[in-house]
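Chains as they are written, first to last, in my numbering: chain A, 1 to 265; chain B, 1 to 215; chain C, 1 to 406.
Keep in mind the hints are simulated off the structure, nothing from the lab.
Since the model is a prediction, treat every value here as computed from it, not as a measurement.
Be careful, since some hints might not be right.
[Claimed, not checked] Which residues of chain B face chain A? A few of them, derived with a C-beta cut under 10 Å, are:
hint	residue
1	PHE6
2	MET7
3	ALA8
4	SER12
5	LEU14
6	ILE52
7	ASN54
8	PHE66
9	GLY150
10	PRO161
11	LEU163
12	GLY186
13	ILE188
14	VAL191
15	LEU193
Cβ coordinates follow ideal geometry from the N, Cα and C atoms, glycine included.
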Amino acid sequence: MSTTVTAPPVDPDAIAAEVAQSRAGKWARLAIQQGLVVAVVVGWAVWRNGADFKAESVEGRSLAWGQILQLTGQHILLSVVTTVIVLVLAIPLGIVLTRRHTRRLAPLVVGVANIGQAAPAIGLIVLSALLFNIGFWPAVGAVSLYGLLPSLRNTIVGLEQVDQRLVEAGRGMGMSAPAVLFRVELPLAVPVIVAGARLALVLVVGTMALAGFVGAGGLGLLITTGIKLSRISVLISGALLVAALALIIDWIGRVVEEFARPKGI
Amino acid sequence: MDFWQFMAQNQSKLTFLSWQHVWMVAQCVFVATIIAVFVAIVVYKSPAGASIANALSAIGLTIPSFALLGLLIAPLGLGVGPSVVAIGFYATLPIVRNAIVGLAGVDRNLIESAKGMGMGRLRTLVRVELPVAWPVILAGIRVATQLVMGIAAIAAFVGGPGLGGLIFEGLSQLGGVNAVNKALSGTILVVLLALVLDLVLMFVGRLTIPRGIRV
Amino acid sequence: MSETTAAPATADQHSSSGASITLTDVTKRYPGQRNPAVDAFNAEIAAGEIVMLVGPSGCGKTTTLKMINRLIEPTGGSIVIGGEDVTRINADQLRRRIGYVIQAGGLFPHMTVAANIGLVPGMLRWDKKRISARVDELLELVSLDAGQYRNRYPRELSGGQQQRVGVARALAADPPVLLMDEPFGAVDPITRQRLQDELLRIHEEVPKTIVFVTHDFDEAVKLGNRIAILKEGAHIAQFDSPDTILANPADEFVEDFVGHGSTLKQLTLTRVDEVELEPATTVTIGEDARDAAARAKTDGNTEVLVLDERRRPVRWEEVKDLERDGGSVPRGQGQVDVIGRRATLNDALDTMLTSSQGCAVVTGRGDEFLGLVSVESVMHAIQSARDTAREQNLGITGRTTMQADA
């Protein structure tokens with residue numbers, strides 16, 4: 001689920017107004033989001049605590065605290081491993097694709113990334129399971145592939161956004177190409193790259209809800225179990241917890257972004 | 001069985017599922033566009049309203065589609081209902097955001113000109129603001145369409161129509177002869193159809209965006 | 001060079017001329033601000049008059065203008081246009097009867113030139129044929145070729161052309177009143193001068209009542225029948241004809257605003273059509289070059305002005321080149337900077353200084369060639385302006401006399 005808005009041909013004043021407005025609304029937005037998450041998680045926990053399921057029933061087994069914690073742990077582990085793989089591939093590749101000699105390839109990659117965005121995640125995951133096996137690594141592999149393209153595009157766009165005059169200024173004062181990269185381009189692109197990492201992580205957490213289909217566990221398993229066995233309480237619990245996890249991860253990412261932003265930008 | 005053979009033998013079924021998939025997405029995006037533009041018109045003038053709409057749109061996009069589909073089963077049951085609502089929901093979000101950006105970005109001079117020549121509020125909106133914002137709104141529609149093509153595939157698990165069914169059939173026949181072929185054909189067709197829809201929307205853009213504001 | 005008839009060559013059955021505007025105690029007070037933005041503004045504007053509102057930024061001139069078509073609703077006072085009190089009628093209906101021109105024309109980028117101009121007639125439910133004829137007529141009026149421009153989009157036009165279309169659009173439904181809010185602020189000086197000439201020419205053809213806001217005093221002197229110089233709160237410092245303001249500034253504020261060098265300012269009071277235009281040797285494209293060269297020699301000229309089939313100046317050609325090339329005169333390349341009949345001598349002088357011919361080419365409607373203004377005629381006009389100024393100043397104060405002599 002990439003949330004890119006294609007650059008609109010609006011006049012600069014409007015953009016400035018939008019930025020000012022989003023700064024004012026940013027914290028309000030974070031508060032709304034956090035309120036939502038806390039309400040959902042606390043509400044669910046209270047309900048779960050009060051509910052009395054037989055230990056042998058589907059609900060009792062699926063919604064045992066130990067099981068919930070295990071599935072959450074699985075989900076986070078799957079997501080973190082996948083995101084690390086995505087970023088380790090996407091950021092260096094993005095840097096390479098914005099160097100002078102390879103720059104011409106960047107539009108091609110961005111174009112392919114845009115097409116790949118339409119690839120159904122469920123298709124990739126199922127194919128991976130069919131071709132390689134069910135379990136942890138096939139799920140990680142499929143979702144890495146799914147998350148790679150948007151992250152690569154974000155990195156390329158972030159680096160390309162760096163004002164070329166600043167790059168020239170750096171070269172002009174005698175910095176070498178790597179020095180310009182590490183001391184000018186990357187620091188200036190940090191906000192976009194960090195935002196890209198957050199988007200990748202959120203995308204991966206959401207997509208990993210499908211990992212339950214291929215035996216890799218995660219909170220999505222509650223949803224599939226709930227649907228297959230017609231246990232609405234299990235289904236709803238899974239859906240709420242997956243949504244809450246994605247929103248928490250996104251929230252943490254946004255807060256980190258606010259503080260990690262280089263001073264002066 | 002070889003993949004191409006499989007495709008050839010199941011041509012009519014694949015065509016039918018493709019049509020179902022595309023038709024559902026197209027209808028949902030159409031309705032989503034109307035809802036999104038309406039929401040944008042209501043909020044774009046007020047900075048607070050626009051901020052809230054943007055925040056809700058971003059939060060909505062953060063909710064995993066599989067989770068939302070699950071939540072929708074409780075009130076709507078299995079089948080077309082939750083699929084259509086979820087697809088419509090995810091399609092609305094990017095369009096709302098682009099519509100707000102587009103409408104807020106209309107040069108104030110144009111609005112003043114329109115007022116100055118005696119256009120009322122509604123006429124200014126219909127004849128000046130919406131046409132000028134249309135390229136940005138259409139860009140949102142394209143993003144939304146790409147997004148929901150994939151979500152529609154997941155919706156098959158809750159009984160929705162379309163190509164997702166093939167993928168899940170493949171999964172349930174793990175190890176069977178045609179399992180890979182089914183999943184592969186479903187996946188590839190979704191990508192191809194998304195590409196086709198994108199081209200169609202690009203063409204719609206050529207037809208509906210006057211030369212004066214084409215990028 | 002005065003035309004014998006002032007009858008407009010418009011195809012529309014009747015072209016309404018201006019309506020008078022009476023502003024009585026018009027006030028705009030914004031909530032939360034101590035002083036009103038416009039404080040009891042009074043003005044009596046005659047039908048067909050061009051009134052310029054000038055003043056420093058923030059003086060309330062634009063607010064005053066926008067209250068006339070109620071883009072800004074007045075909080076007090078009355079506005080009467082053509083005998084009708086318009087403060088209570090439907091604002092949208094009112095605005096369809098008042099032309100409004102803003103900077104860069106405010107053209108709608110998604111509509112063609114024709115669609116932009118046809119908007120207000122469309123809202124007034126004219127039929128398609130009539131609108132189309134009106135569009136062509138208006139494009140002609142603002143010196144744009146209808147066939148060439150009606151289907152273009154605004155971004156395919158230069159800044160000056162956009163501004164012309166903006167004026168055409170404002171005139172579309174033949175409103176008796178035209179409001180112009182710093183319309184020529186965003187174009188380069190040469191284009192601005194041409195647009196000003198054009199506006200004066202259009203005003204001669206269709207004598208609308210024009211209220212025009214500018215911060216450029218020279219523009220005000222050139223265009224206005226009367227100028228209102230405004231201080232903060234739109235208080236009128238002086239409201240009079242340009243020559244009176246130049247000769248007798250009411251107070252120090254006006255004097256400061258008008259600036260010094262008022263003798264030179266007199267040059268902006270004299271129009272090109274008030275001095276005698278001189279003829280040029282001309283040749284139309286396709287005519288025989290050597291004939292033209294021979295005529296030039298008889299006239300004692302070394303250069304010939306090449307005109308196109310509609311008598312629009314194309315370029316200058318030297319006699320010796322014509323003799324050498326012979327044959328019929330080709331279209332060729334080149335450009336002639338021209339001025340309108342209502343341009344000021346100041347404009348003429350500017351144009352001369354940038355041309356190598358030492359004279360300025362004057363054109364009329366549709367850019368048709370009328371004659372030349374030479375340096376001599378400008379010098380002569382300066383001389384008589386100086387004399388007049390001296391006489392006037394002797395009668396007023398010694399201080400300005402010193403200036404005129406300096």
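Worksheet entry | Restraint check, 10 Å cut-off on beta carbons, for LEU163 (chain B) near chain A | 8 Å, holds
Worksheet item: Is the interface hint for MET7 (chain B) satisfied, with its Cβ closer than 10 Å to some Cβ of chain A?
Response: 15 Å, violated
Discussion item. Tell me if the interface restraint on SER12 (chain B) is satisfied: Cβ within less than 10 Å of some Cβ in chain A.
Written reply: For SER12 (chain B), the interface hint is violated, since the closest Cβ of chain A sits about 21 Å away, which is over 10 Å.
Worksheet item: Holds or violated: ALA8 (chain B) as interface residue toward chain A, Cβ cutoff 10 Å?
Response: 20 Å, violated
Discussion item. Hint validation: ILE52 (chain B) versus chain A, beta carbon distance must be below 10 Å. Holds or violated?
Written reply: Nearest chain A Cβ about 7 Å off; hint holds.
Discussion item. Quick check on the hint: ILE188 (chain B) CB to chain A CB, less than 10 Å?
Written reply: At about 8 Å, which falls below the 10 Å cut-off, the nearest Cβ of chain A leaves the hint on ILE188 (chain B) intact, so it holds.
Worksheet entry | Interface hint for PRO161 (chain B), Cβ within 10 Å of any Cβ on chain A | 14 Å, violated
Worksheet item: With 10 Å as the cut and Cβ atoms as the points, is GLY150 (chain B) at the interface with chain A?
Response: 4 Å, holds
Discussion item. PHE6 (chain B) was flagged as interface toward chain A. Is the shortest Cβ-Cβ separation under 10 Å?
Written reply: 14 Å, violated
Discussion item. Tell me if the interface restraint on VAL191 (chain B) is satisfied: Cβ within less than 10 Å of some Cβ in chain A.
Written reply: 5 Å, holds
Worksheet item: Hint check: is the beta carbon of GLY186 (chain B) less than 10 Å from a beta carbon of chain A?
Response: 6 Å, holds
Worksheet item: Taking the least C-beta to C-beta distance, is LEU14 (chain B) closer than 10 Å to chain A?
Response: 14 Å, violated
Violated hints for the displayed structure, listed by number in ascending order: 1, 2, 3, 4, 5, 10.
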